[in-house]
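2 protein chains.
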Amino acid sequence: MPSENNLFAYNHGQIIPLDQASLHISDLAVQRGYGVFDFIKVQQGLPLFMEDYLDRFYQSAGHMGLEVPLSRSELRQVVKKLSEANGLEVAGMKMILTGGYSEDGYTPTDANLLITQLPLVLPSEEKVSRGISIMTHDYVREFPEVKSINYTMGIRLITQLKNRGAEEVLYVKNGVVSEFPRCNFFIVQEDDTVVTPSSNILYGITRKNVLQLAGRRYKTEVRDITLQEVLQAKEAFLTSTTKRILPIVKIDDVVIGSGKPGNATLSLLQDLIELEELNVKKRLS
Amino acid sequence: MPSENNLFAYNHGQIIPLDQASLHISDLAVQRGYGVFDFIKVQQGLPLFMEDYLDRFYQSAGHMGLEVPLSRSELRQVVKKLSEANGLEVAGMKMILTGGYSEDGYTPTDANLLITQLPLVLPSEEKVSRGISIMTHDYVREFPEVKSINYTMGIRLITQLKNRGAEEVLYVKNGVVSEFPRCNFFIVQEDDTVVTPSSNILYGITRKNVLQLAGRRYKTEVRDITLQEVLQAKEAFLTSTTKRILPIVKIDDVVIGSGKPGNATLSLLQDLIELEELNVKKRLS
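Protein sequence lines correspond, in order, to chains A and B.
Letter by letter, the first sequence follows residues 39 to 323 in my numbering.
Letter by letter, the second sequence follows residues 39 to 323 in my numbering.
Treat the hints as calculated values from the structure; they're not laboratory data.
From a predicted model like this one, the values you see are computed outputs, not experimental measurements.
From the three backbone atoms N, C-alpha and C, an ideal C-beta is built for every residue, glycine too.
Check the hints yourself; a few may be wrong.
As the list claims (entries may be wrong) - Computed list of lysine to any residue pairs in SDA-like fashion (alpha-carbon distance at most 25 Å, straight line):
id, chain 1, residue 1, chain 2, residue 2
1, A, K211, B, H175
2, A, K200, B, S140
3, B, K281, A, S140
4, B, K246, B, L322
5, B, K132, B, L313
6, A, K211, B, F181
7, A, K281, B, K132
8, A, K246, A, G83
Claimed, not checked - Computed from the model, here is a short list of chain A residues facing chain B with C-beta under 10 Å:
id, residue
9, A59
10, M102
11, I193
12, Q308
13, L310
Model the full assembly from the supplied sequences, consistent with the hints where possible.
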């Protein structure tokens, strides 16, 4: 695997060495935290479920009044070239679109598009087989449907997470759970129904895939979930592009189910891994 | 006045030409919109009320777990040197502190400090004598007490402001007003009591000064204000470092008071201008 020093990035319309990729400080991301992004997992050198991620990236841009400076086919080409240049087998491809070089430091202008690719380490088998502890926090994201670059709350909570020995923070507002800063949330009820929140969330691509996979084995529901229900669930897990499915065994010191990753969770993880492999195979054939 | 091409900025510990000031894209402002800032007005080459702004800047940094890489006296020196290098008579000095070059794109590290200075145009006499129209929007900032760089909501509302012919947007939540994206809010009641919101706001330096000045002439109150009260006020105005005091004559198509800037508002503006001049004189003597 090439070291980060040998990686390339897309910046100001060109593929250049990552260590030279920069923005002038007048960019609205620096001045006002204004931008959107998306993040695609690359396996065997191929971006997985790319069209879904591109759909969401263009949608996020539209919500924020930003125009992606490349057409979808141009963007696909850049992603392909960058992936070839970097030659990473397992990686995360991140596209960031900022408010651009603003003259008055407030009004968006021609958006700046950055694309970087970094090696990705998937959760260890040990972590998956043990499950993780999470905490909850009273919050709902400002524009949940937009993958904006604003992670102020999540980042401010890093220290608290560490102090409490939790790995992730689940946002809860008025007793209803929504999502993690970077992951979606699922529970499995006593009767094996798989449930995931319907509103005030970013609509994750992995969430969508897992929901489809779950539909093959179990009853599924997409609706508001109260924290009370969560604490009585048989299983709980999170989904994300980089983490796939991670079993949750403890929430705010309450043990979930048996305190160990459950059967439904682990079956769905296996299904997801197979779906990803299928996606790669299709693209390679 | 020098053109922007001849201006200097503080970046990576040095005073360099502004057009060369940049951040590597791994900075957490770019990756996660994570950072704080402050903005000082410079008159006759001197930063006004600097200690108040420095207090707030260090406080904002502390709230976000960021460390300003300069001591207060070092920062004062840099501000002085930059001001001398740029030679601007009336300007805005902006200090931005970001989450730094993060290896994992999420965890804050050594903060990056940027300082820029740009010419400042104060509101025209015509605008002050006419007053402005504003709109309201249902929102409260995430961390109102912190001058974070997150202006997602304010910036997303720019188009709506233009369409409605309004100049600023006043945030209202559960019927209680708080602040504008970049300004504080005041009303003057029928009995000449001057009132400004107490909570869910950034504590503006100009707000503080105006509150003190108002106390010399009128009864003052710092408390929650309902939108209903606002619409029945005799006068309304906003305060900010760059705008000083701007009379508000219309809110969401409701005319405030006589529909013209009121006597209290204009008297306080005169008082504020005198206070600023006094601050400059003291520093020059």
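Evaluated hints:
With a C-alpha separation of about 21 Å, the suggested pairing of K211(A) with H175(B) holds against the 25 Å cut-off. Straight-line distance between C-alpha atoms of K200(A) and S140(B) comes to about 18 Å, which keeps the hinted pair within the 25 Å bound. For the given pair, K281(B) sits about 20 Å from S140(A) by alpha-carbon distance, which is consistent with the 25 Å threshold. For the proposed pair K246(B) and L322(B), the alpha carbon gap of about 23 Å is at most 25 Å, so the pair holds.
As the CA atoms of K132(B) and L313(B) are separated by approximately 22 Å, the hinted pair is consistent with the 25 Å bound. A hinted pair counts as satisfied when its Cα atoms are at most 25 Å apart, and K211(A) with F181(B) qualifies at roughly 16 Å. The suggested pairing of K281(A) with K132(B) is violated, with an alpha-carbon distance near 39 Å, which exceeds 25 Å. Between the alpha carbons of K246(A) and G83(A) the distance comes to roughly 23 Å, so the proposed pair stays at or under 25 Å and holds.
Because the smallest distance between the Cβ of A59(A) and any Cβ of chain B comes to about 5 Å, under 10 Å, the interface hint for this residue holds. Proximity of M102(A) to chain B holds as hinted, the smallest CB-CB distance being about 6 Å (cut-off 10 Å). For I193(A), the shortest C-beta to C-beta distance to chain B is roughly 5 Å, which falls under 10 Å, so the interface hint holds. Contact between Q308(A) and chain B, as hinted, is not supported at the beta carbon level, the nearest pair being about 28 Å apart and thus beyond 10 Å.
Proximity of L310(A) to chain B is violated relative to the hint, the smallest CB-CB distance being about 23 Å (cut-off 10 Å).
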